[in-house]
Every structure is written in structure tokens, then in C-alpha cells.
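**Q** Read off the chains here:
Number of protein chains: 6
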Amino acid sequence: MRIDKRQNADMRPISIRRNVMKYAEGSAYIECGETKVLCTATVSLESPTFRDSKGWVTAEYNMLPRATMQRNKRDISSLKKNSRASEIERLIGRSLRACVNLDMFSDATIIIDCDVIQADGGTRTASINAGYVALYDAFEWMKKKGYIEQNPIKFQLAAISAGIVDNEVMVDLCYEEDSNAQVDLNIVMDSNGSIAEIQATGEKNTFNKEKLNEIIILSQNAIKDIMEIQRKCLAK
Amino acid sequence: MRIDKRQNADMRPISIRRNVMKYAEGSAYIECGETKVLCTATVSLESPTFRDSKGWVTAEYNMLPRATMQRNKRDISSLKKNSRASEIERLIGRSLRACVNLDMFSDATIIIDCDVIQADGGTRTASINAGYVALYDAFEWMKKKGYIEQNPIKFQLAAISAGIVDNEVMVDLCYEEDSNAQVDLNIVMDSNGSIAEIQATGEKNTFNKEKLNEIIILSQNAIKDIMEIQRKCLAK
Amino acid sequence: MRIDKRQNADMRPISIRRNVMKYAEGSAYIECGETKVLCTATVSLESPTFRDSKGWVTAEYNMLPRATMQRNKRDISSLKKNSRASEIERLIGRSLRACVNLDMFSDATIIIDCDVIQADGGTRTASINAGYVALYDAFEWMKKKGYIEQNPIKFQLAAISAGIVDNEVMVDLCYEEDSNAQVDLNIVMDSNGSIAEIQATGEKNTFNKEKLNEIIILSQNAIKDIMEIQRKCLAK
Amino acid sequence: MRIDKRQNADMRPISIRRNVMKYAEGSAYIECGETKVLCTATVSLESPTFRDSKGWVTAEYNMLPRATMQRNKRDISSLKKNSRASEIERLIGRSLRACVNLDMFSDATIIIDCDVIQADGGTRTASINAGYVALYDAFEWMKKKGYIEQNPIKFQLAAISAGIVDNEVMVDLCYEEDSNAQVDLNIVMDSNGSIAEIQATGEKNTFNKEKLNEIIILSQNAIKDIMEIQRKCLAK
Amino acid sequence: MRIDKRQNADMRPISIRRNVMKYAEGSAYIECGETKVLCTATVSLESPTFRDSKGWVTAEYNMLPRATMQRNKRDISSLKKNSRASEIERLIGRSLRACVNLDMFSDATIIIDCDVIQADGGTRTASINAGYVALYDAFEWMKKKGYIEQNPIKFQLAAISAGIVDNEVMVDLCYEEDSNAQVDLNIVMDSNGSIAEIQATGEKNTFNKEKLNEIIILSQNAIKDIMEIQRKCLAK
Amino acid sequence: MRIDKRQNADMRPISIRRNVMKYAEGSAYIECGETKVLCTATVSLESPTFRDSKGWVTAEYNMLPRATMQRNKRDISSLKKNSRASEIERLIGRSLRACVNLDMFSDATIIIDCDVIQADGGTRTASINAGYVALYDAFEWMKKKGYIEQNPIKFQLAAISAGIVDNEVMVDLCYEEDSNAQVDLNIVMDSNGSIAEIQATGEKNTFNKEKLNEIIILSQNAIKDIMEIQRKCLAK
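Chains as they are written, first to last, in numbering that gives the first Met the number 0: chain A, 0 to 235; chain B, 0 to 235; chain C, 0 to 235; chain D, 0 to 235; chain E, 0 to 235; chain F, 0 to 235.
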């Protein structure tokens, strides 16, 4: 049994609240156990130069100083973007772009800001799950304002962390489990269980492809449940 | 009558929730109308060098990107600490130090992180009001851990914004009022109505000391009400 | 009696020299006791974007490394703008804008550079006093060059520091007095004694509004004397 | 057939030269087609604070300005660490740590500097392949100097890029193939074909786990060949 | 006799290889003893603003981390351009501009990137010697592309280090000699032995103009030999 | 005849005032025509790590924003040390170290801050001339405080700019002459006319060693005159 008495296939309680911010074009707040992330989607009416005038989606990820047990200093105090945050926001951006038809809108960038209020494992996958909702709503806002005719999201997208802890394959690792994991995986899928992005690390050991497959299958089930929560949230 | 139908002497609805964070030694979340600020207090077990080993209290102030109507870029993207934030966090730190006997603890710095989730005027005074609660609890934590015997807070402290809008003296300006204010004031007081810090600017006009006095008196009343809310919050 | 034998209402000897720089559009050098500041006014023929094409006035404040007892490192060595300087230059800019009709000129920014050669208390108010002269001359330069028809300065402006030291209300605090002040105030006024900006801090105590009033009245007199010096300087 | 007439399972010509630098404790230069990377291993006789005095391995990755078709500006010109480089150097560091018993040495950090002389796809996997050789030699240097008794490398490690281009699964993508890939994968393995790290992105599509498996199998064969080259290089 | 058995007038073996990079418009790799520098020339189709639309040549100089005995940290890790590198790249840029008729081309900047692979004295002069070749080829590329009709290089240019070590005048100092030099000189000349730039420092002593003359004469001969190598390289 | 009617061998009027700052251990203010530089010497009671505990002398050079015709932005606004200033402060530091016996004091660094109030050519040589005086006085201060027994300055040191303008060899170039110079030279000498540092650039042409010699001889005479001024200043 796990630290918090969950079964290996069980996620922590997840809730997503939509439209939580007064000014943002889209926003969602997710709690997954003690992990809490606020995502906002900003519609900026210009494209990055490398896209000419075509549309783009990008993400920024940051932790509040006391999201963690030890206070983490703000990036500006060292003048350096935290490199873990760089890696994570690149993953979030890539993943969210995967579900969008970027040719269906132009002269616009959607910026997904993921601010971690509290961290207890799984902040990057929580960011993707709530970021998807905020992104969806930003496109709805663009539709309402007449910038686009159709929401360019191609398919639903969600993410989960998983891994091997004490030789057990399990999903949705909390911080303590994550710290002791032999294998640590993050996976992003569409509603057919097809993979948009997968990253797995054998922190202390290597692992074979049969084990990898096992983790993927367990993750697939968890992602189905998250998608149900996303759909309910967006139906409200 | 004001934009949101308040009387000149009326504040917006204020709520302070205490102890809202899992890891921080003290924390408080304040809503004042649409203004929302999360304050955490971190006990760091070292003093700044200029204090030798004596105690210190300092503050950091930051806005989330979509706290505002237009997205404001993170400091790290320009590598520059926002200068308005510098000015504000110096005010918050000075104010909170005023109510603490800094000689009553040593080898410790309390860092008050004020992260503005949403901004609609009065974020600096909201930060002081919730920061006071978080700071109080951080000292209680130190007491419980045996670092100090007594809470070194000397007196209760609260703050309010006020000003002159359309020739009317009023308190707790929302963003729209603040943008049109002729005089803009922030004041920090103790429970006797004595002043710890006052800053007033005649944005478009100068103002005489009689008018200044009028604003101070109205502020004094508002601060009494805020102190009542702080006390109830700390009594829970 | 005070350290340097002044009465409480007495300022240190003040001199302002105008037009001290070869290249700047306006310039003034002020000595106030041992405090020495060089102010230059640069006319830059573009407005900041947030002003569209309307006029603007801004200020920068910096200390030379040995303006102070201990050498202070240059900002560039830590890559961080000194936060005290940020706070001060925001005050100087706000104050000087108060006396200018910013709608009377366009496509131009006047930058007031305040470089502290030596610091012995009151550098921010000295900067405002000499900055006013440099600003005045920069507008005269614009008139001569045909950019404007009239000098857009609305009223004369000057500043003084004051405070309570050893329970005595006094003006123009030198560094040693400032370090021991119970209340520390900076005030900026027009020639009618109306206030453009006031900032007061109870460094060690709070203070009531009657005491505040007392300090303001003493400051008003000092500012009258400074304005006389400014007028004589500009009459030459 | 592929752009450069290779079969899907074929790598480009690979050569690794060992001990190419005069001063470094370990070094290796790899060419893989037109991709050219210089790796040096530096033994720094201190551990990072978070490791107490235990050993550590870390990596830095950087491209020379004309490693690429368009000149890429040096990080220092924008004062920002390139975020793609941050992501890559974290991958290289994690991968190389996987094959080292970090408890077998202390008070030392091995820094693997990977400087890309020329880039034509696969620079991160080339960095791992040559970085492994440089790291091996740095430990040999430590042995010779008496810092350790045994080389703490636990197993041989190599990496390959692979992906799906025009619906074909292939390994060792050159830049042009990489730009058009539907799926883009980087995988790091030990000599048993067990995985140390895997990262796969469906740049334009999602992909199912069967396809993932297919890519892994093809990669496994390529990695065997690279290990042969590493072994020959280290045998000289 | 010298450390490496050379005569005072002897240079170390020098080789320059041209056109060593796949993407750069010009490139050259120089080895001078153990000193190894890679120079690339990039044609950027815009002029710096201070040149209006006229042509420009500039240089950047950087060392790889293990070019030296002790690893030198990358500039980006301290966020500061190495000041020695600043001084050197200004020298390289000035020197190379001296041999170019900058009015013969427009709307273009040639950037000479000098990346030191390994350093054993004389890296700045090696950079000029190879930079000249890369620059020549960049202009040839512009001719071929039709941007210019004639190569704007006015005369051949080369550089050498020299100095006084143990009271002996000698050329092409290696690192160890350089560390002990009483006088340290770098000189850049045209094919007539006329000087484009000279910098000499009496590290431990002053030196008279007769001694300076002696060093210049010895340098003149060395530079003739380097020019021969440059010419052969460009003739291939 | 020259722009300002000087003969080729004539310097502009030079004055050096000593001990001009209240707090600095040494200070000197130099005017050379319209060029005005304030130098302070700070005694910092620690040595840089690369010197172990031996003494060191270093320099910083900076221009005030309106030292020049066009306002130059402060380094901190771009977060980059001006590269021209880097080059100059390295020259000043090297030159001043040449006249000091660095083994005669320990656990101390003398920092020479050169702040250019106004620039009209020759700011780096003016900095050396006044820096010498400030440095001398800083050592005298150390003697008085008992840190050293003897002033470690080995010989008197001064500097001058010179060059070829309109084919005429002349000394002490003002800004306009410097802008049109064919050869631009800075030279630092001891009281015997021996060279501590020489830097010469053929901005538009190369120049032969006979011409170089001619410039050196003219410079030697000018430096004698400057030394006379330094001596008188130090005798007061």
C-alpha cells in the first residue's frame, strides 16, 4: 500500500475550476492532492517572428517561493531562469501545441502561464491538464471576439506522472514517492490513448521496454479519468 | 456615489484566511474586493550581515502575469526587478518592521512573500494587512519550536489606501478610482491610530495640509475595521 | 542644539550653480552642507510608448562609489539596480512631473540624471531642488530651438527633508541625524506651500497626525528659503 | 530511401577520438556525419552543497555561433542561457549520472562540457556518446592520482536519436529529417539494451505504444554499434 | 635557449586550414604550437545603426572552458562578458577593419567569431591571422553572390606576439614565457611592415624606446613568415 | 595650427586638485581642457583570491550620462558593462600597478574609481594622471593608519594621448582631433621617460616605426610637464 493508502492505479483527488480570473482570456485552477496550480491563458495579438504571421502557443512555468518545503528564491534574485522550469515549460508548450491546429489562426500567440501555488509532485502534468482548459477557453474567447470561426483544438489532451517505486508500478506520484522512484515518467495523451509526449528516466536503474509498456498502460487509464474531469469542467 | 455604489468612507468587502499553505511557517490569503494577495512568511535561520546576528524582517512583492488587465511580463524575462515592485516591497518591509521588536530574536530573518494573484487597487496595503497575520504566525511557529520565548510583535498594524477623486475624499480606491485620483495616499497605522508610514502624491495637483488631515481621519476609521478583521482571523 | 550647532529650523548652507555642463541641455550642481549632487537634463526627442506622442519627464538617481563612507559597488557589478535608488528616482520623477504641464509639449522626454558626488543626508531632496533648475533650463533650450513656444512649468517646486530626532522636530537632517531619527520625512511643495508629495516613516516609533502637522509647518518655511535660492540662481 | 541514401536502420559514419585536449582530465571528439562535438571532462575537487561531500556528475552544452546554418548569438549577448541548451544539458547530466556509482567517490564533481562545433542533427546523443568516453577517462585520471581506487562507472552507456519520417521508422536523423519528423525520439541505453532515459515527442501527430516499441527496437541495434565504437576507442 | 628549444626569432609551427566549416561564409582553423583557434566569418545583411547603411566588420572572442589549464566558467554562468575577452575582441575587430575598405560594401556586417579551442599563448594574434583568412573568404562569398564586385580588402594583415623574457627579446611567446615576460607586446602589420596596431606593456618594468624598436624589428620578420603561410593557404 | 590654436607640442591647460572628497582614502580631480575626471582611491582590506594575501591595485572607469554630447545610457540599463570602459579600466589598472611594489603591502586592494564628469578626449590618460595622485594618498593613509611603513610607489607615473592628425604629429588630442586622427596613441611613462604601457592604432592607415618614434618623443616632453603638475599638487 502507498503512503497515503492509495492503490497503485489510483490518482489523488483532482478538481479543476474554470474561469477563475477576472482579466485573463482563459483560466483554470487545478488541485491534485496537495499540488495546486493556477493556469491563465493570454491572447497576445502577434505571432513570434519565426512563425511569420501564423498562430502559436507557448507556456511559462513558475513556482511561488513557498510552493515547496524550503523557500525557493525568485528567478530575478539570481537573474537566472530556473533550468528545471525551462525544461518543464518547454514540455508544457510542446504538449499543448500538439493538440492545436496552428494553421487555423494567425497573428496571435496564446501564452499559458502556469504558476505553482503549492507543489507535492506532478506539477508539470497538472499544468498541462489545467492549461488545456485555459487554452480551450482562450480560443472560445477568440471565437466570441470574431478572431476565429472555429476552435482550433484538434483533440482533447491530458497528462499524468507515473513510475516505479519499491518495484511497484504506480501513477500520480506525490513528492515523497517521486523522490524515491526507480523510474519516473511523464506522459501526455489524446483521448484515444495515443501518445503526444513521453519522458522516462531511470533515476537509479535502467528499465526494459516491457516495464515501460506496463507503466504506459496504467497511465492510459488514469488519463481517461482526468479527461472525464476536464470534460465536466468544460461542460459547466 | 462611487463606481461600485460605495460611500466615501466604505471599504470593499475584506476577508483574510490564515494558515492557507502547507509548508510555510506563516501564511494568509486576503481578498479585498477583486484584489487578491497570497502572503507567506518564511523563517530563515540567519540574519543579514548588516544586522550582525540580530533579527530582521523583509518583504518581497510580485504580481502574477495575469493579475492585471494586460499581461505583465515576468521580471526574469527582462532580467530586471520591476521598479514599482521594488518601491512597494521596501514600503511593506519598513512597515512590518515597525511593529516588531527586532532585538527580541536573533539569527533569523522573516521573509514575507506577497504574491498578487489579482490586482484591482490597494495591493500594497492588502499585502501589509495579510502580511501582518502571516508574520504573527511565523513568530508563533518560532515560539513553538523554542527559538523565542515571546512573540516580538509590539503592536497591531494595518494599512489602507485613500485619496481624492472628483474632489471627494474616499478610502480603499479600486483601480479605476486610483487611475483618476487627484491625490493618492497609502497609510499604515497602529491600533491607536498613530502613523507608522504615510505616502501621499498629488498626481495632478498639489494639496494642502488641511486636505491631508481630512484623508488621514477617514483612513483612521477604515483601519480600525481592518484591525477587527485581523483580530477575528487570528482568534480562530 | 544640533551636531553642527544649527537651530532646528535651520538648513545647512545651500548653493546651486546653473549651466555647469558643456553638452547637457540643462544642468545644475547643488551643495547642501557636505551633500553634493550634479543634475543634468537631457532632451530626448521621443516619448515613451505609453504616452503616445505626448511629453514626459523622468529621472535617474545614482551615487558615485565614494559618495559614502563605505565604498558602494556600482550597480553593474551586481547586475542589479540598487532598490533604494529605484525608490528615490521614482519619487524624483513623480515630483518633477507634478510641476510640468505634460500636455504642452510632445515627442520629447526630459531625463533628469541625478548623480550624487557626495552624500551626507538629503540627497533626494537636493536632487529635486537642482533637478528643477536643470529641467527649467532644458525647457528654455527647447523654446530657443523652436520645439515649444512656452515653458511648460506650471509652478516652482522644491523639497526638504525633516524629522524628529531626540524628540525634537528639525529640518534638513545630515546623515548622522537621519540615522538616529525617530521620524523621517521628505516633502515636496509648490510656492504656495501646497504639497506635491509627502513620505514619512516612523523608523522606530509611530507618530500622530499632530506631530506630522508640526513637521510640515517647519518644512514649509525651509522650502520658502530654498525657492529663493532657486529663483536667484535662475535669475542670473 | 533516405536523403543521404542510408537504410532506415543505418547510422551515419561515426568516429570518436579520445584524449584530444592538452589540459582536460578527460576528452573526446565525436563526428557523426556532419555533426561534430567536442567533450571535455573536468575534475573539480568539490561537491555541490546539496550532495554534502558525495560525488557528482554534471554537464554543460553549448553551440558555437556557426555550428548552424544561421549564426546563433552567444548566450552572453542576451544574458540568457538558451532554454533548449538547458533542457539538453539536463538530459546529458541525468543520463551520464545513471551509469556512475556516485557513492564511490567524494569531494569531487565531474563537469562534462559538450561544445557543438557543427550541428546536423543528433547533437545531444553525440554529446552523451563522447561524454561517456571523456567521463571514463576522467575517472581513470582520478585513479592514477590516487583520488579513487576503482573507476565508479557501473555500465557502458550510449544514446541514439530516432523517429518517424514520412511514416518510416528510422535512426540517427540528420537535421533535415529531424525537421520533418512526425515522431522524434532520443534514447539512452546500457549494454543490455535497458533504458536509462527516453524522450519522445509527436511533433505533428500522436503515436501509439506499438509504434513506440518499434522505434525502441531499431534504436537498440544502433546503440549496440555505437558501443562497439566506444569500446574500440577506449581500448586504444 | 627557450623552453621548447626555439631560437628567439623562431615561431612555433603554424598551420592554417581554410574553409573548415559547412555553414559559415568563411572559416579558418589555426594551430600555432598548442594554441588552437577556430575562426568563422558570418555575413549578416545589415549594418549597425551608427554606420547608417555602410559596411562594418566586427569580432567576438571566446575560450572554450577547457582551453586552459584550469577550467574557465562560461560567461553566461556569471552573466558577465569576460573583460579580458572584451579587450581582445576590440583589438581583433579594430585590426581587421584596418585592412578593409569599409566604403566598398554596404548593408552588411561581417562577424568574425574567434573560438579558442586550446590556449598556449598568442591566442589574440592567432585569431587575427586566421580571422584574416576567414574574412577574405567571406568577401569572396559576397562577390560570388553578387553583393559586391570586388573584394574590399586593401592589404594583407597579420599579427604576432613578442616580448622580453629573461632580458631576451623573442617572438611568439608560449604561455609559460608570457607569464614571466618583462615586456609583453602584440603587433599587427601590413605586408610592408607598417603597423596597424601595437600594444606593449611593461608587466614588471618599464622599457625604453630603443628596446621597443628592437622588439618591433624582430616581429616584422615573424610577420613576413606568417603572411607566406596565409598566402599559401588562400592559394589552395 | 590646431582647432584651439595650440601648437602641436602643447597640451591643454591641466589642473589637478587633491583630497577633494570627504570619505575617500585618496582622491583627485583633474581638468584637462574640457575633460573632467574625478578619481577616488578606496583601501579595501582584503586581497583578491588570485593574489593570496598579497596587495593589489585595480581600477574602474565610468562616464556620467552627460559626459558626452549624446547622453550615454548607464550600464545597468542594458545590464552590460560598456566594452570600451572595460578596455580602458584594464589599461588604467595595469598602468598604475606598474609603479607600485605590490609585495610591499598585503591583505589590501586599492580600488581607483575614475568617474568621467565631462569628456573631451584623453579621459583615460587623465584618469591615470589623477589616479596616480589618489593612489599615492591612499598609501599615505595606510602609512598613517599603520598598515604599512613605507609608501610602496616605486616611481612617478603619468600618461598622455598623442597621434597624427592631418599628417601632423601632436599631443593631447581633444575629441574633435581624436575623431579625425590617422594614428591614435596612448602612452604611460615613468619619470625617466621609460614606457610602462603604449597602445597605438592606425585608425585609417598603417604607420611605420619611424613615425611611431616621433610620436613617442613628443609625448615624452608632455609627460614631463604633467609630472611637474603632479609633483606640485602632491607638495601642497
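These are computed hints drawn from the structure, not numbers from a lab.
Keep in mind that a hint or two might mislead.
Because identical chains cannot be distinguished in the list, a pair is counted as satisfied if it fits within a single copy or across any two copies.
Unchecked claim - With a straight-line Cα cutoff of 35 Å, these simulated DSBU-like cross-link-like pairs (lysine-lysine) come out:
#1 79 - 203
#2 203 - 143
#3 231 - 79
#4 235 - 4
#5 203 - 53
#6 79 - 53
#7 231 - 142
#8 143 - 235
**Q** Against this structure, judge whether each hint is valid.
**A** The hints, checked one at a time:
| no. | hint | result |
| --- | --- | --- |
| 1 | 79 - 203 | both (29 Å within a copy, 31 Å between copies) |
| 2 | 203 - 143 | between (50 Å within a copy, 27 Å between copies) |
| 3 | 231 - 79 | neither (39 Å within a copy, 41 Å between copies) |
| 4 | 235 - 4 | both (32 Å within a copy, 31 Å between copies) |
| 5 | 203 - 53 | between (43 Å within a copy, 16 Å between copies) |
| 6 | 79 - 53 | both (30 Å within a copy, 26 Å between copies) |
| 7 | 231 - 142 | within (21 Å within a copy, 46 Å between copies) |
| 8 | 143 - 235 | within (17 Å within a copy, 45 Å between copies) |
When each numbered hint is compared with the structure, a violation occurs for hint 3 only.
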